[in-house]
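Student: Since the structure of chain H is already known, use the hints to place chain W on it.
Chains H and W, in that order, give the protein sequences.
Going by full-length UniProt numbering, 2 is the number at position 2 of the first sequence; the sequence numbering is gapless.
Going by full-length UniProt numbering, 114 is the number at position 114 of the second sequence; the sequence numbering is gapless.
Do not rely on the hints blindly, as some may be mistaken.
Said to hold, decoys possible - Here are the simulated PhoX-like pairs of lysine-lysine, each with C-alpha atoms no more than 25 Å apart in a straight line:
1) W:LYS324 to H:LYS73
2) H:LYS203 to H:LYS73
3) H:LYS205 to W:LYS323
4) H:LYS203 to W:LYS405
5) W:LYS324 to H:LYS205
6) H:LYS203 to W:LYS324
7) W:LYS343 to H:LYS73
8) W:LYS323 to H:LYS73
Unchecked claim - Now the stretches of chain W that chain H is said to cover, found in silico as 3 or more residues with beta-carbon under 8 Å:
9) 96-104
10) 322-328
11) 522-531
As the list claims (entries may be wrong) - Far from chain H, some chain W residues (derived; all Cβ distances over 12 Å):
12) GLU127
13) LYS213
14) ALA238
15) ASP441
16) ASP482
17) CYS541
Since the hints were derived computationally from the structure, they do not count as laboratory data.
Remember, predicted model here, so these are calculated numbers, not experimental data.
The C-beta atom is built at its ideal place from N, Cα and C for all residues, glycine as well.
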Amino acid sequence: MAVAWIGNREVTGEQAARRAAELLVASSCPVFSLNGDVHAWRAAIMLAERVGAAYDQLDGGVLARELALFTGKGAITVAPGEMRRRADCIVIVGELPAVSRGWMKELVASPPDLSGGGKRDVFRVGTGLGSGKEIAAGDGAAQTLAALRAQLSGRVSAVPVKNIEAFRKALEKAAYTAFVYSGAGLDELGIEMLQGVVADINKTKRAAMVLLPASDDAWGGALVSTWMTGFAPRTGFGRGMPEYDPWRFDVARMIADGEADLHLVMSAGKQALALPRKMNAIAIAHTDKPVTHAAVTIRIGAAGVDHEAVRYSSRTGTLVLVEAAKPSSHLSAMSAIRLIAEALPC
Amino acid sequence: MLTQIKGGQVIDPATNRSGVGDVWFEDGRIVEAPRDRKPDRVIDAAGCIVMAGAIDIHSHIGGGNVNTARLLLPESHRAHMPRPIATPLSNAGWSTFQTGTRYAQMGFTTVVEPAMSPGSALHTHLELADIPIIDKATLAILGNDDFLLSMIRDNASPAMIEDYVSWTVASSRALGVKVINAGAAAAFKDNVRTFSFDDVVPFYGVSSRKIVKTLQGAVNALGIPHPLHVHCNNLGVAGAADTAAVTMAAAEGLPLHLAHLQFYGYGTEGKRKFSSAGAQLAEIVNARPEITVDVGQVMFGQTVTVSSDVMRQFSARGTASPKKSVIHDGDANGGGIVPYNYKPDYYGALQWAVGLELFLLIDDPWRVFFTTDHPNGAPFTAYPAIFRLLMDKEARAEAIATLPKSALAMTTLPSITREYSWDEIAIMTRAAPAKLLGLKDRGTLAPGAVADVAVYRKQDDIANMLGAAAYVFKDGDLVVRDGDVTHYRWGKALRLDTPVEASMRKRMEAFYQERYGLSLDWFTFPDSAILRDEPFAEVACRS
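Only chain W is shown next, with the shape it has when bound in the complex:
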């Protein structure tokens, strides 16, 4: 069906397009405006903004830890009632069904689960397969696994390490590689309770820095489009800005992505020894073009923190609200689930402000990405409210006025007047994520791209506008109209097409037999295990 989206304000930074015009698509792909054909369907987009479907590069939407968080927080007990409105997950879009539905309603069409344990890849992909409408992707976690740490300890060659990384990405069907508090989960099992960038993992004798640099080199050498995705050490700690700074310095000119930088934007000034270092971190990012970051914005209210940084989550158990948590030592990282209520007190307000400082003080919207680290900073359903804070300085000022002055005094936020433009929003949520992840077929309205299109009816209230799209098309199918899902379909998981060295399977088979007493078949699976037609789509490595 040839479709014309007619007369909207088209914003497509990837093609430098910004102005009133039409978008055409057919058979699931954007096409040039045909000269001699009439459309089968016309969507009147007058008074609307038209952009490509949005891409979320870091949102915990599926896998073992996410599911454990769901299990931990039913909060209904014998109350004979559905989940009450104010419980931790009432706004989270918490089932797989709700996740796909609520993302689509906001015009998001691709979402990356950034923390897949390779050993639980089948579980993760089964969950993702049950998320309707949107496409998904995963980042495979490495950096606390015995196989890699042993290779680094034993001075394995870069080629051998690249073979292992490539095998892991291919067998787990991942789009990239993430390292989470490199070495800390392994150290925690040896009863180490804090772990910094130059600390050494007991038993292996390798530092966190060495692990990050090794993986960064392997990811780059393999041509994996997305830079190594780094969850730094010391998350959430006063003074963590120093850790983030040394990690960024260690990039040494090669691409490196730092996840949820807000959670490291804390200094040690003031009488509470907890201050904003958002401006300093933004300055470092601005000066280092090889660095990209996502923010992990905090919003006030109840949520649950879900992280494979098991050491950090163990230390945070005392802050759990409600008072329950799960800590899991996995075969490599494991994870921790700690429910948390962000209150607009000194500490919460400061965290909220740090995130906004990063958004507003990092100059290049191609290098700062829009996330709440769902659900860690806030559920992804808070996105519309965050867009309003970024695009409307008066709305921001109103919010600031309600928060403790003592906290705001420790930040630069009240003095910042920048407002994001529509072009910058489109860069940060469409064009830049596609570029960062190596997804050449999306994030743009260029002919040949998948017909993932979001149409928003202009309103004064930006949050209302971006919270409920007028139309959303996924692969050309109309899936949302006036904020309601009108059609359910199954998306795909995007995976990287990495080469696998022929002897690697034999090495892994020997490893699992010797160390676990099990065949490698227990840890791998064919695509058919998902039981969906074409559950995966391939993404090419850089040549």
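Isolated chain H, as found in the complex:
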């Protein structure tokens, strides 16, 4: 079974790593697009530091949107498990990641057992979950949240809010209200407006937000990046020290604007990678054939399937160990990155 390719030619993992290292050394502005488990991110950031690369989550726009609240404004949040046990009023805001639907249905069906327990009221803004009373005003979740915040604060809004009185009563009765959201279903200002709603409620009652990231692995990568460099992804080592700038180190922008001259893509996911034709690229991918337009491809297994992994879990709100479901001899993303690092000149 092939483990690596240079162009379309089958090679050993070590040969591919040596070629990848040569490309990294020759590059004046390498950029990394990363998608993987915690250990893969740890290895990739160490490699980025060595070669002076900028790094971002693969397709990092949604993660950047989710991070913006935490880097720019702050939030009032609650752990998912505490929400399950305590929240007697839940609001599903906007579209949620498809993988969270099962957990949301379970949440809606399970009564809270803390703080007296009882039944849960469920509302929704948008169509993210079929059940629950709909809160709606105007076109889209962000607009609804704006009108909702105004009306809950006793201000007038031009657009009426559907079910506002039912929600007002539920809030009044609730001991703890949780708002569940994702960057997949709300833009930056929508997320910030939601935080405003939560902050207002906390003046007299208790409420908090629960983020279900569009990608758990992306959020895990953000945590790793933050502890290793002090900064979230969209960080660059071009000057030897970590620098964070969500515009400047947006890897997609750097490629589009012609600033980057080498693209390393790490993805343990199943989706096919689409690499631009005109740029040198290194692909570390869960694939059984060379990635189109990649100068080097190294085959890796899937985290939590082929090998044990540590991943962020939006179910627990922290990092968890995932045993290998079908252990195999495929390299992990971390191992592939380390092969490249070992091939770099000292």
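Tutor: What follows is chain W alone, placed relative to chain H:
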């Protein structure tokens, strides 16, 4: 490699050694001076002070809340520049890499993260594993968790509670137990906004006092070397000295450690109703030998407060500078991140003075510990400047002269002439922390101890001297020379070897399945998850 550190002024209070002499080590351990062998390496320590590597018992260096604080404060936005020098974290040693590097440069070789949420232990240990050079340890937070509060409410036996505490310490790989504003985080979720020592947690009907006493008893019965580490109620409030006093009185002869006592050293006198109670608290500590404290010294400048005292942090949101904060209701404690700028105004000066009063008025350096509660009072990088304030009364007087007289008038600080000696510094930062934490292999230069050694070249400026060690050895490896890191290595996390009662895992499995709909496997992990060779080292309980 047999190494001789030759001709330094060796200060090792654990062995009552203080004078010019040599220190020898080989294979990572201190050894007796050999009679018939020559050293493979000689370090000339003439004109230097030689001490064991320093130990910090309370510094927030890793875990969910610390990482959220990093995330909250990038402060670069689109400025196309690295973190500016005057932003909150420019002095904090803020990444895991910087944390290990800057501690090592000051001669610190072991640091305790004092607030690990047991449910996020894997995250915390992964962060700690990425801190280079130094050894680490954690204290597991209990006292706002449903399992414990329910057991206390239901009058569970002491043995059952000890089993739970022991399981928590073992499964989270902790070195001890901390309780943070006992019961307040649980009460806050029920919309309670203030919480004192004899207040009762809604739903559970147990008081903060009861929680502290229950945990104190369990920690003591289990033989956990470090006494229960208590973050009291009412942190930062004028009049909090009364809370600290009643908490100390509740120790009732059993060991109890009060964290960052400075933040409770506030009375209600004067026209601002905010005065120093540092002298009164020092007097209580002096009279109660079962009490140990760390100070949590404030230094002026920008920092960020990071605490699992979520109720307190929520109430402090209005003081945030810059104006942003994160408040998190966790599965138990949660936490709050509020950036803060300590200004040399009345309030800041008074807080600064209270910390120094505690350092200088608590007589026994074996019972008062050197901390800023990093980063809450100041980043740990402020340590050298604090050492100077403690060891040089003239430097202290110069600093006092720059501060509001109205604030100093509410303290005893200007009248205190004590200066810490080198022996006392070595006790407070080496020998005493090792004793307090039960670390028999460090904090000393006795044969058999790990070869964690700090060598400082004597200078008139104590801050410069202690800020950049001439040599630091970690496990015998030379890691710092002339203030610069010369060698990076991975340290270990020290964890307690607590016994786990056989049925406890089944009870916890049933609890998580029933209450969270998840297997216990979601909350536990094997050592291999850290992906480092030997990430942990065991510390024994008292027999």
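Student: Out of the numbered hints, which ones does the structure contradict?
Tutor: 4 and 12
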